[in-house]
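Produce the entire structure from the sequences given, and follow the hints as far as they go.
Chain residues, written in single-letter form:
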Amino acid sequence: MNWQPTATRSALQHRQTVLRRVREYFYHQHVLEVETPLLMDQPVSDPFISSLKTNSGFLHTSPEYAMKRLLAAGYGDCWQYCKVFRGDERGQKHLPEFSMLEWYRVGFDLPMLIAEVIDLIRTAAQCHVAAVQRTYEQWFALATNGLNPHSATLAELQSLASEWIDVSDLDRNACLDILMTHVVEPSFDPAVISVVTDYPASQAALAVRSKDWQGHEVAQRFEVYWQGLELANGYLELTDADEQRARFEHDNEVRQQYQLPTVALDEKLLAAMAHGLPRSAGVALGFDRLLMAMLQASDIDQVVAFANR
Amino acid sequence: MASYSTNEIKNGAKLLIDGEPCTVVNNEFVKPGKGQAFNRIKVKFYRSGRILEKTYKSGDSIEVADVMELDMEYSYTDGEFWHFMKTDGSFEQLGADANAIAEAKDWLKEQEVYTIVLFNGAILSVTPPNFIELQVTQTDPGVKGDTAQGGSKPATLATGAVVNVPLFIEEGEFLRIDTRSREYVSRAKQ
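Protein chains in written order, with the working numbering: chain A, 1 to 309; chain B, 310 to 499.
Please note that a few of the clues may not be correct.
As the list claims (entries may be wrong) - Over the 12 angstroms line for every Cβ pair with chain A, so calculated as not near, a few chain B residues:
1) T332
2) E337
3) E362
4) D369
5) G404
6) N429
7) P475
8) I478
9) T488
10) A497
11) K498
Unchecked claim - Mimicking DSS-like on lysine-lysine, the simulated pairs with C-alpha atoms at most 30 angstroms apart in a straight line are:
12) K53/A <-> K323/B
13) K83/A <-> K343/B
14) K319/B <-> K395/B
15) K323/B <-> K353/B
16) K498/B <-> K83/A
17) K353/B <-> K418/B
18) K319/B <-> K211/A
19) K366/B <-> K53/A
20) K343/B <-> K268/A
21) K363/B <-> K395/B
22) K418/B <-> K498/B
23) K343/B <-> K53/A
It is worth saying that the hints were derived from the structure and are not from the lab. It should be emphasised that the depicted structure is a prediction, and the values quoted were computed from it without experimental measurement. Cβ atoms here follow ideal geometry from the backbone N, Cα and C, with glycine treated the same way.
Here it is, written out as structure tokens:
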């Protein structure tokens, strides 16, 4: 019986130190530490995130909805360190149960939040890691010899992705995901923090949509990579309750296309947004992955006490 | 046809890809936080030795190859097939063709045990043991006094393989050979 821990004691000491630095960082920034329920009334709507069901509800996949209700109630900037749960996710960079750092900043725009994420990573790592920021389109163009992810046709995307996968039933977003993970991500310098902004509008999730300088509709969303790991995902948060309802409904349509169960809408979040969500930016950062990047660990198992296979 | 879901494929699993049997070298789960999940699966083909990486949608299924590895003892050749016998006491025999035998051709010795890969019940490949003891059938006499310099000379073994041996080795002697490097290891007792 293999009962031993998967992380060394030294790795767990690093965890403790990093969490302490993070806690102090937010304390000094006057951001309120909160704890919201792990149990939700309904599963998350994201088509490609699977909520785990219990006898008393669903385990949350992110504390996003609850934290936005705090924002709507006027509680101001808040952050949280918690376990989140995602079914069917297991690999060297994935655990079905992992630790997330999530925070919301009232009145911030994306450049301000991106700067804060980089600052937090540097504070956690106690090291001035260089950072480079480009748009999704720029990263794609550099890694793919000029492909424009916004204007490329589905056939063009499929043709590029077909080097790795049978593309016959891949839609636009699936092709973009393949190219992102197989071509663009490997082009990031692992030693540098790479920031991706202006995602395609079809991958907006809960971010505000706007037009870029060329008139392409993009999402006010960013991601942060370091040491070959997707570390953080942030939005200029959608505040319009009607648009939020439409996004939920669209998630359900995608779920139907993929023959996944549709989910009930989170009416509490919608009511909170109808009441009024302040203009804010929010981000979720994978805490285990931050440790992996700092310790140059090749497997997420090495940074958690017990990782069940 | 039996199949595995990409989520349950472990290293060493035997798959059938494009009709060819292969073994899984690596299976990496890939998923952007908000995106779709994929598995990047690296396989090595038994026949060609080629390594291929292919990506599947997570949860897709891949056909399982009817591939089995087992130990068998070499018996004899009739010129067209090389016959091996199971070591499980069944005395069941199977013939391997010239393709399957290619890797082991220089090291075939009666009653020696080989690692056999069966695909759909037929022999796909034969791997010799790492070390094998064979008799020297021909080698020129070594020149006296040269042994201190550690010189070597070619020697033909009972299987027909030619390897470099120290100058002091004489015809009729038994040698221990590393089949992977084709190198002389030591003298052996008959």
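Legend entry - Assertion that E337/B lies outside the chain A interface [Cβ separation over 12 angstroms]: Its Cβ does come within 12 angstroms of chain A, the nearest being 6 angstroms, so this is violated.
Legend entry - Claimed clearance of chain A by T488/B, with the beta carbon kept past 12 angstroms: holds (34 angstroms)
Inset, instruction - Report holds if the minimum CB distance from D369/B to chain A is greater than 12 angstroms, and violated otherwise. - result: D369/B is in fact no farther than 12 angstroms from some Cβ atom of chain A, at 9 angstroms.
Inset, instruction - Check the non-interface label on I478/B: least C-beta distance to chain A beyond 12 angstroms or not. - result: holds (47 angstroms)
Legend entry - Proposed proximity, K211/A with K319/B (alpha carbon, max 30 angstroms): violated (45 angstroms)
Inset, instruction - Decide if the proposed pair is consistent with the structure: K323/B and K353/B, CA atoms, cutoff 30 angstroms inclusive. - result: At roughly 10 angstroms apart (the allowed maximum being 30 angstroms), K353/B and K323/B satisfy the hint.
Legend entry - Given pair status - K53/A, K343/B, alpha carbons within 30 angstroms: holds (20 angstroms)
Legend entry - Restraint check for K363/B with K395/B, where alpha carbons must lie at most 30 angstroms apart: Not OK: K363/B and K395/B at ~35 angstroms, beyond 30 angstroms, violated.
Legend entry - 30 angstroms Cα cutoff - pair K83/A, K343/B: holds (18 angstroms)
Inset, instruction - Confirm or reject the statement that K498/B sits farther than 12 angstroms, beta carbon to beta carbon, from all of chain A. - result: holds (43 angstroms)
Inset, instruction - Quick one: work out the minimum CB distance from G404/B to chain A and report holds if it exceeds 12 angstroms, violated otherwise. - result: holds (37 angstroms)
Legend entry - 12 angstroms cut-off, C-beta based - P475/B kept clear of every residue in chain A: holds (45 angstroms)
Of the numbered hints given earlier, the model fails hints 2, 3, 4, 12, 16, 18, 21; all others are met.
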